[in-house]
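Chains as they are written, first to last, in this note's numbering: chain A, 1 to 217; chain B, 1001 to 1290.
It is worth saying that the hints were derived from the structure and are not from the lab. Check each hint, because a few of them may be wrong.
Unchecked claim - Cut-off 30 Å, straight-line C-alpha distance, at most; resulting in silico cross-link-like pairs (DSSO-like, lysine-lysine):
1) B/Lys1208 with A/Lys83
2) A/Lys135 with B/Lys1208
3) B/Lys1080 with B/Lys1095
Predicted model only: the values in this text are computed from it and were never measured.
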Amino acid sequence: MNIKPAFGNTVVGVGVAAILAACATGPSPAELDREAIAVIRAAFRDQNIAKIDRIQQDLGQAACSSGTPPSEALAEQVMAQAKATVKWPTSGQYFGDWREGERIAQSGRGMTWTDSSTATSANGGSCYNCHQLSKAEVSFGTIGPSLYNYGKNRGVADILAPTAQGIVEYTWMKLYNGKSYNACSNMPRFGHAGLLDEKQMAHLMALLLDPKSPVNQ
Amino acid sequence: MKAALLWATVGAALLTSPVLPGVGQAQAQAQAQAQAQAQPRAQAPAKTTADGIAEYRKMLEDGNPADLFEAKGEGLWKQKCGPRNASLENCNLGKGPGVVKGAFVELPRWFEDTQRVQDLESRLVTCMETLQGFNATEIAKTEFGRGEQVNVTALATYIAAESRGLRFNLPQAHPAERKSYEIGKRVFFFRGGPMDFSCAACHSEAGKRIRLQDLPELTKNPGDGVGFAAWPAYRVSNGQMWGMQLRLNDCFRQQRFPFPGFGSDVTIALGSYMGVNAKGAQSIAPAIKR
C-alpha cells in the first residue's frame, strides 16, 4: 500500500530560507518544521507490512499537519485533487448488501504491522470506531458524527430512484475520498488509499442508504 | 478479593524470575486480544461494559497488580547485576545520582553526559549501560516484554511510583528541552499512513471516544492522572505492564504508521510535548487501565 506523494518534497524544502533568517533566540518555526521531519524520518523503520513510505506525506496530509487549518486556497487545492481521484464503480453498482456492510463497519482490522496482508479483503471499515450507525450497536465512537438514520434523514425511500442520485454520488465520493469535501477530514480515504474495494464500499453504501438497513430503522 | 489473590499468584512468579518466562507468548496473545477487541460486540450493552470496568477497578482498589512490578523494579534498582555487577543506585535520573523521588515528574529532560533529551525508559537504559555494562543498543532493539526490556518496564514502574501524587513540572530551561517540546508538537500533528491519522486525530478534542474508550485531550493539561500522568500502567485487558514507550509504540501501530524506534527522538519529543502540557497535573502512575 502506497499513497503517492502528490507534490514531491514541498514539505521538506520549506526550511532553507528560514535558516538564514533565524535569529539568535532559537530555531525559527520553519526550521523546527524541517527538523521535525528529519526526526520523524530517523525514528521509524519498516515492520512487516508497515513500511516507511507511509510517513512520506502527500499534499493533503502535509497541509493538515498542524494545529492551524490550511489556508483557504490550499484547502481548495487539496479538495480539488481529492475529487479528481474518485473513481465511480466500474460495474455501475453502487449498492451491495447492508448485512455485509454491517460486518465491514464493525471490523476495525487492517493495515497495522501486526496484520499479515494489505489486501482489501483483510481490512474492515472501522466505522463504529468513530460513528454511531445502527441503533443496536451501542459501542460506537464519537470522533465522527452520528450516521444513525443517514439515508432516512436525507429522504432516501428508494436507492435506485433518480431523486436519490445526488446523495448516492455524494456518499460514494465521501467513502472513496472524503477529502473531496473537507480537506482535513479525519476519515480515511477508503477507495483512494486502497483500504476497501468497490464491492466493500457498495456494501457500506447499502448499510448507509438502504431503507431496509438497520441504520435507517 | 478473588482477583487480588490471583494477581498475588501471578506476581509471585514475576518476582522470582529475572526474565519473565513466556512473555513473548503473552505479547502474541495480547496482540490477538487487541485485534479481537476491534471485532464485533453487537450485543454488549454499554451500561454493562462500563459497569464491568468500574466494578473491576473497585475490586482492584487495594491491589493494583502494578504494585508487583513496582516491587520487582525496586529490587532491580538495588540489586547488583550486569557485566559490571553493579546496582543502579548511582543512576542520575536528572536530580542527581541516586535521587529517585520526584525524578519521574521532571522527565523527559536534558542530560549533559549523553547530550540528549531523554525520557525515563531511555535514561534507565543509559544507566544500565554506563553503570552495569549492558549494551544499550541491544536493549533498545529487544522486543517489549522480552529480555532486559522486561526489567526496564519494572524499573520504570518503580521510579514512577516513587513520584506518585507529585505534580508534573518538566524543565524547559535548556534550549534542547524547548526544542524537544516544539518537535513533539509537530510529531503530534503529523498526518501520515494509509488512514491519514495523526495523534491529533484522536487526542485534540475533549469528550471524544473510540468505541466506548474515552480519549484524553493531550494538546493541553488533561487533568490529574490522565494521559501522560497515568503511565506506566497495568493493562487489565492483556495482563501486561506497559511503560510510555510501549504505550506510544502501540498508538503508532494503530495509527498504521511504521515502527518507531525504542527511545527514538520521536517518542521522547512526544513525551516532552505531553509532559510539558501536563504541567501541574498530579501523577497517579503506575495506574491501572482497561
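Tested hints:
1. B/Lys1208 with A/Lys83: Answer holds: B/Lys1208 to A/Lys83 is near 29 Å, not above 30 Å.
2. A/Lys135 with B/Lys1208: 19 Å, holds
3. B/Lys1080 with B/Lys1095: Distance of about 22 Å is within 30 Å: holds.
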